[in-house]
Amino acid sequence: MLMQTIREVQEVKRMIATNNEKKWYEFWK
28 MLMQTIREVQ EVKRMIATNN EKKWYEFWK
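In our numbering, the protein residues as written are 28 to 56.
Just so you know, the hints here were simulated from the structure itself, not pulled from any lab data.
Take these hints with a grain of salt, some might be off.
[Said to hold, decoys possible] Between beta-carbon pairs, the in silico distance windows are: (1) M28 with W55: 37 to 43 Å; (2) K49 with L29: 29 to 35 Å; (3) M30 with W51: 40 to 46 Å; (4) F54 with R34: 26 to 32 Å; (5) K50 with M30: 27 to 33 Å; (6) E53 with I33: 26 to 32 Å; (7) T32 with Y52: 39 to 45 Å; (8) I33 with F54: 28 to 34 Å; (9) Q31 with W51: 38 to 44 Å; (10) Y52 with Q31: 28 to 34 Å; (11) M28 with E48: 40 to 46 Å.
Ideal Cβ placement from N, Cα and C applies to all residues, glycine included.
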């Protein structure tokens, strides 16, 4: 149960990080 929650949180963090990278890429382009 706990491991599943941690895995889901990591997935969300990965999605947020990807979105931030796209924003910075567009910003610097």
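Right, here's what the structure says about each hint:
1. M28 with W55: 37 to 43 Å: Holds, since M28 and W55 (Cβ atoms, about 41 Å apart) stay within the stated range.
2. K49 with L29: 29 to 35 Å: holds (31 Å)
3. M30 with W51: 40 to 46 Å: With Cβ atoms ~31 Å apart, the hint is violated.
4. F54 with R34: 26 to 32 Å: holds (31 Å)
5. K50 with M30: 27 to 33 Å: With a Cβ separation near 31 Å, K50 and M30 satisfy 27 to 33 Å, so the hint holds.
6. E53 with I33: 26 to 32 Å: Once the Cβ atoms are compared, 31 Å apart, the range 26 to 32 Å for I33 and E53 holds.
7. T32 with Y52: 39 to 45 Å: violated (31 Å)
8. I33 with F54: 28 to 34 Å: holds (31 Å)
9. Q31 with W51: 38 to 44 Å: Given range 38 to 44 Å: violated, Cβ gap about 31 Å.
10. Y52 with Q31: 28 to 34 Å: holds (32 Å)
11. M28 with E48: 40 to 46 Å: For M28 and E48 the Cβ distance comes to about 31 Å; the hint is violated.
Of the numbered hints given earlier, the model fails hints 3, 7, 9 and 11; all others are met.
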